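J.: The primary structure of each chain is shown beneath.
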Amino acid sequence: MLYREAGQFKTTYADDQALLPIAQDRIGLFIILAIAFVALPLFASEFFLSSIMIPFLVFSLAAIGLNILMGYAGQLSLGTGAFMGVGAYACYKLTTLYPDMSIIVVLLLSGVFSAAIGVVFGLPSLRIKGLYLAITTLAAQFFLEWCFIRIGWLYNYNDSGAIEVPTRTILGLAVTGPQATPLTRYMFILCVVTIMTLIAANVLRGRIGRSWMMIRDMDIAAELMGIKPLNAKLSAFAFSSYYCGVAGALMVFFWLGSAEVEAFDINHSFLILFMVIIGGMGSLTGCFMGAAFIWVLPVILRAIPSAFDLNLLAATMEHISSIVIGVLIIFFLIVEPHGLARLWQIGKEKLRTWPFPYAT
Amino acid sequence: MEALSIGLDAFFLAPFRDMFSLPDLLIQVIWEGFVSGVLYALIALGFVLIYKASSVFNFAQGIMVVFAALVLVSLYNYGVPAWLALILTIGVMGLLALSIERVILRKLVNQHEAILLMATIGLTLIIKGAGQLFFGGEPKSMITEELGLSTGSSDWEVFDGIVIFQHIDIAAAVIAIIMVAALALFFSKTRIGRALRAVADDHQAALSVGISLNQIWAIVWFASGIVALVTGIMWGARSDVSFALEIIALKALAVLILGGFTSVPGAIVGGLIVGIGEKLFEVYWGPIFGGGVEAWFAYVLALIFLLFRPQGMFGERHIERV
Amino acid sequence: MNIKKLGCSAIAFAAMAVGMPVAQAEDTLFMPSLTYRTGPFAGGGIPFADGYADYFNMLNERDGGIGGAKVVVEECETAYNTQKGVECYEATKGKGALAYSPLSTGISLAIIPKAPVDEIPVFSMGYGLSAAAIGEKFPWTFVYPTTYWNQLSSILKYIDSNGGIEGKKIGFIYLDVGYGKEPLPLLDSLSGTMGFEVAKYPIGVKEMQNQSAQWLNVRKDRPDWMIMWGWGAMNPTAVKEAAKIRFPLDRFIGNWWAGSHNDLRAVGQAGKGYLAANFSGIGTDFPALQDVITHVVDKGNSKVASKDDVGNVLYNRGLFNAVVLAEAVRVAQAKTGTAAITSADMRYGLENINLDEARLKELGLEGFTGPIKGSCSDHEGAGAVFMQQWNGEDWEKVTDLIEPMNDTVRPLLEEAAEKYISDKPEWQSQTCG
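Residue numbers (the numbering used here), protein chains in the order written: chain W, 1 to 360; chain F, 361 to 682; chain V, 683 to 1115.
So here's chain W without its partners, still in its complex pose (with noise of 0.2 Å):
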């Protein structure tokens, strides 16, 4: 009833082009954005902020990372955890290499050198396709494991082999560091994961974002039709590694506070992965959602037994959240395999038919 288009007339191709053509759409995301920026800052209290606000905003902006790799470019990767890992230790050679660069120039930079790593282990996919390539991403991430562990220099030649987040700060004041307030954080990756969300749903409607999903649908008729495998194949990596690694970037700097090499081992590629096949493969909305999934539903399930009172095992909990969430992998799997994002299309597509759905 509310939700419909009905009377929202396009007078010119932008409009229809925009990329939330529906107002009530636009509305939501105002609202969302309000709470967003607005009322968690002002009510939420520190443990939300930087357990699960944080989190949440940096699983986000790794999982769009990996969906437009597997979700809208087809190539499927198990090396999102070391992509992360570039990104996060080449934020902290840049950041102590040159301390007086700002450190939201490095953590841009950062990016660059995860996206070059990336298009180096993309180079496979031009040959190789479906799980092959998921395999072989797997030798990209032990290497990079590996090189974590054995190349000294890039974590300084710390005795402890983690590295260590300075303090950095922008107009006087600490974002990272021990310093740095849970809100300054906050705000701080809430601007980044915006701004990068926005830019990469245009990029996704844009040639580029197109040509990917091309060579996705069915590879050989995009070739036939004048696409290029190498060039959208290897962007898409270099894309995709670009927003892992300033994401892994986030997730030391802006959360962690150090980090060793099992920050960015083989399970956080398949924590990612989880939030993208969850959320729904091809869809921004649904990496939010596989985030919030994957990440908030144990914290929740965590809560429950103290609310209850119930005297219950931290490591019960802890296997009873691994066996829910496996059960509704799985279950949404059948009954959606098209992820959360997809379910909650398909409510709006009720929405708006409601209450007369079979009035079209």
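Hints are computed from structural coordinates only; laboratory data are not their basis.
None of these values were measured; they are calculated from a predicted model.
Worth double-checking, as some hints may not be accurate.
Claimed, not checked - Listing some non-contacts, in silico: residues in chain W with all C-beta distances to chain F over 12 Å:
no.	residue
1	Gly7
2	Arg26
3	Gln179
4	Ala238
Claimed, not checked - Derived lysine to any residue pairs resembling SDA-like cross-links, with alpha carbons at most 20 Å apart:
no.	chain 1	residue 1	chain 2	residue 2
5	V	Lys1106	W	Leu94
6	V	Lys989	F	Phe495
7	V	Lys1101	V	Thr1090
Positions of the beta carbon are idealized from the N, C-alpha and C atoms, including for glycine.
The hints should help you fit chains F and V onto chain W, whose structure is shown.
T.: Coordinates of chains F and V only, in the frame set by chain W:
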């Protein structure tokens, strides 16, 4: 220039000099590689069985290895005699296979391969959570001797040196060979085996001649469950039974690339190449890189191999049409 | 799950989200316990967490808490994962956490920089950053009873006293993560001064149960002694592999995380002779442990799988962690005169801890460990370890406490601490006391 020649020597000649200066060690390295290769091959075999029959890339194979070993050891620790525990464990793997087919596969018929892969990732999480919930996360020792497997070792004196063969490793190799032979016989001689091959070739054609897909799927999952159990026993005897074992199974993925997803001989040859190759590389070339190269050697080998032969060693060449 | 339950949890979640103050009863001492009862390292995490919780529960049952205030232990599961560890830290710090002992070098590294800001001490008992022993530079971090570096020096001293170390070849096999690499700088530096050769064998986390190649390298290099910095599933596999290549096990020494009952039970008789360093007593022949059994375990309030697990190396280690924290609470209570101390008081308590022989006897832990005396500059206490040997069924203490080479190690630790704070301007002004 001199540095270069020293580098070339260290990389291309010195390892071979090392090999021939201690021939007994070389034989030992190859034997160790052979044994771990056999175990990789067994894990890969579990993958291949399922992939052939149902196009499911079973990511849960690794956790099934842990789960099977865990059930066996826990049953024994509850006081069940070893032989009965073994039979009961086989029963549990059968039940697992049936329920996977009933609850998951049947609902996902005809879905895209990627979706089936994801389903098995979900399955991995369920088995992992349930396994730890029921049996606890602490490592347990494998009941090697109780199962009638010897834990001793035999020496072979050769080239003024000594090569040590662990009996459990010999047993692993023998059992693996028997199992592969049994599977080969099963595939070629029995009715179910032939039906299985028919399903692998063409689902719809198999259905139209009256083969029950559901039954076949339950059988292959059961078969790979048994392969998982054997792998679990062998690997458990070499270290212990814990959830850390799951990670090793990832290496079987590299084996699959070398051997191809659908080839049983490929899985075995691939397993041996990875096993022997990585041991040789770690022992003779590892020190040049500071060690620990085993972690990626198999994958990088697979990657390089793929660039030249994307369909694997024994895989069939795929012709794509638009 | 019905709608009502969902509603309840939603409310609980909402309360958490807006940061509703959680009602705290009068006079409690909140001790968060970051455990890992799941994941690849659960074998070490479970007994440690049990010992930690049981000791505090025993104090609650026997003495009604510490100084009249009940101890509340809240477990938070990290699965040895740094991200989850940080989440647990954030989730529990607001509840009045007094000190953190995450039993993970990765999580320690992540929360050490936060400690001065949140004013909650980190007590990484015998793990974490060795440099944290320098109290002037790390006022909020404690590493009683000793550091990895000092431990290594004790082990090397043990080797030296058993046939000399000069001219020998020492193999060092380690888990290839921050934890395992931590003692490498000291090893390299001492190899020069003590005159021995070093061969290093890294074991990746994914290769923990697949070590045969590294052990073939050991066979190739023929070191005289092997030292291991292992954890979790790496330990039993390493001992088995060592036995396989016929390496003399009484020349194979594990550090204090590579010598638990869980590790060696999986090896059994084959591991006979294997040595490991330790700083906490073995078995239950201590009055305090008997109290734990009567007041907690026998009443079924412990999480241990079986009563036999009480007294295990890692169980006792976890218990010892709780003993030190409880003692620090007492010191802090004596200073402030209140039962419900703050985390800043806790820091004072940890810094001024004095567990001498007499005090250990009072606590029912005579001979359990060496004396620990902290000070502003010394956050590692005395730092002595003893050697234990596996006899095929159980661990036996085989040496007295071996003092570390403090004179050699301390300057190196100071150097490392200096290096750690060099890029942290806000750390350079802080000091202990």
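J.: Taking the hints in turn, state whether each one holds.
T.: Now the hints, each set against the structure:
W:Gly7, annotated as away from the interface, keeps every beta carbon of chain F farther than 12 Å; the closest lies near 39 Å. At roughly 33 Å, the least C-beta separation between W:Arg26 and chain F is larger than 12 Å, which holds for a residue marked as non-interface. No beta-carbon of chain F is positioned within 12 Å of the beta-carbon of W:Gln179; the least distance is around 36 Å. The non-interface label for W:Ala238 is consistent with chain F: the shortest C-beta to C-beta separation is roughly 19 Å, beyond 12 Å.
Only pairs whose Cα atoms come within 20 Å are accepted, and V:Lys1106 paired with W:Leu94 is accepted, the gap being roughly 16 Å. The straight-line distance between the Cα atoms of V:Lys989 and F:Phe495 is roughly 17 Å, inside the 20 Å bound, and the hint therefore holds. For the given pair, V:Lys1101 sits about 18 Å from V:Thr1090 by alpha-carbon distance, which is consistent with the 20 Å threshold.
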